[in-house]
Amino acid sequence: MRTDNNGDQIQEPVTKIDKLIHEPSRYTLMAYLYVVEVADFLFLLRQTGMTWGNLSAHLGKLEAAGYVVIEKEFLGKKPHTTVRLTDGGRNAFEEYRGNMKRVLDNLPAK
Amino acid sequence: MVSDINLKEIQRKVYMTFFQDGLWDIFLGLFILGWGLSILTEAAYLPGVSFLGIYFAIWGIKKWLIYPRIGYARFSATSRRRITARFLILGTVVLLLGLLAAVMWSIGTRPQWLADYFPLIFNGMLAAIVCFGAYWARVNRFYLHAALIFLGAVFHLWLGIQWEIGFIGSGGVIVLIGLGILISFLRKYPKMVEEVHSEDRQ
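Here the protein sequences line up with chains A and B, keeping their order. Numbering follows the working numbering, in which position 22 of the first sequence is assigned residue number 22; successive positions increment by one, without gaps. For the working numbering, add 1000 to where a residue sits in the second sequence, where the first one is 1.
Don't read these hints as lab results, they were simulated from the structure. Keep in mind that a hint or two might mislead.
[As the list claims (entries may be wrong)] No farther apart than 20 Å at their CA atoms in a straight line, the calculated lysine to aspartate or glutamate pairs in the DMTMM-like style are these: (1) A:Lys-101 with B:Glu-1009; (2) B:Lys-1062 with A:Asp-87; (3) B:Lys-1063 with A:Asp-87; (4) B:Lys-1013 with A:Glu-95; (5) A:Lys-61 with A:Asp-105; (6) A:Lys-19 with A:Glu-63; (7) A:Lys-72 with B:Glu-1009; (8) A:Lys-19 with A:Glu-73; (9) A:Lys-61 with A:Asp-87.
Only chain A is shown next, with the shape it has when bound in the complex (with noise of 0.2 Å):
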């Protein structure tokens, strides 16, 4: 990292890095529920190729920061897991995306 007078103002954009979003599983599993409105546990699974066990324990840390909301039903005997993203989550991966954004922006050219 450089240090300069300016340091504050360079490290500022990586300091605000969200970390829990910033994992590439859970930043995959934000980008998906930031484009739909809502998914179940079986189409994050396709789509992202995780297993059962990551899948769960990556939402479970989302969902404990608020970023999810996870519905459990039974259609029959079969239970089914919905997922979508908060507004709080919503407005977190902007912000994520705006300050990874800048950091790269900040890095000179080669």
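Once you have looked at the hints, place chain B on chain A.
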């Protein structure tokens, strides 16, 4: 790089899941088949009945056969309105085309060129509508379907095959293509039941 994930590409990938099962190909093929059968049997109601019947059947099949394999996602209200509007526009144009054809066919005296080339004009317009659908949906194989529909009239005019047989042939080939895609889809995606991993949710 994480930030390089293109949201538009993800949106497109999600959107394409609606077409990857071949059901819309089967829908189009059966509709064209219905049109051919309506000319053959002079039952003018067949295209409309087949359009509505197959449309609702497809949603039922999606729920029963497709969603348990690839899951379900619902687009935002804005996207849904846009998709519905496009489908309604296409449906209305097809309906108007059918009415136009019925009116033109019922007129006793019509110019000779119109009588001669009516199948070519009609199939050309139908193919153009399918091309618009292919462009809107960004599903390239629907351009092939449009070409098949147009070829039905070309074969009628230059090879002497009956017009309705051209329709039935084109529709049949499109249905077969759709069935092939559906079978491949069913093989690729077996049915899955959700697993419960409560211990992971910590």
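Results of checking the hints against the structure:
1. A:Lys-101 with B:Glu-1009: Judged against 20 Å, a Cα distance of about 18 Å means the pair holds.
2. B:Lys-1062 with A:Asp-87: Distance ~30 Å between Lys-1062 (chain B) and Asp-87 (chain A) Cα, so the pair is violated.
3. B:Lys-1063 with A:Asp-87: Answer violated: Lys-1063 (chain B) to Asp-87 (chain A) is near 29 Å, above 20 Å.
4. B:Lys-1013 with A:Glu-95: 23 Å, violated
5. A:Lys-61 with A:Asp-105: Not OK: Lys-61 (chain A) and Asp-105 (chain A) at ~29 Å, beyond 20 Å, violated.
6. A:Lys-19 with A:Glu-63: 15 Å, holds
7. A:Lys-72 with B:Glu-1009: At roughly 29 Å apart (the allowed maximum being 20 Å), Glu-1009 (chain B) and Lys-72 (chain A) break the hint.
8. A:Lys-19 with A:Glu-73: Violated: Lys-19 (chain A) and Glu-73 (chain A) sit about 31 Å apart, past 20 Å.
9. A:Lys-61 with A:Asp-87: 16 Å, holds
Checked against the numbered hints given earlier, this structure breaks hints 2, 3, 4, 5, 7 and 8; the rest are met.
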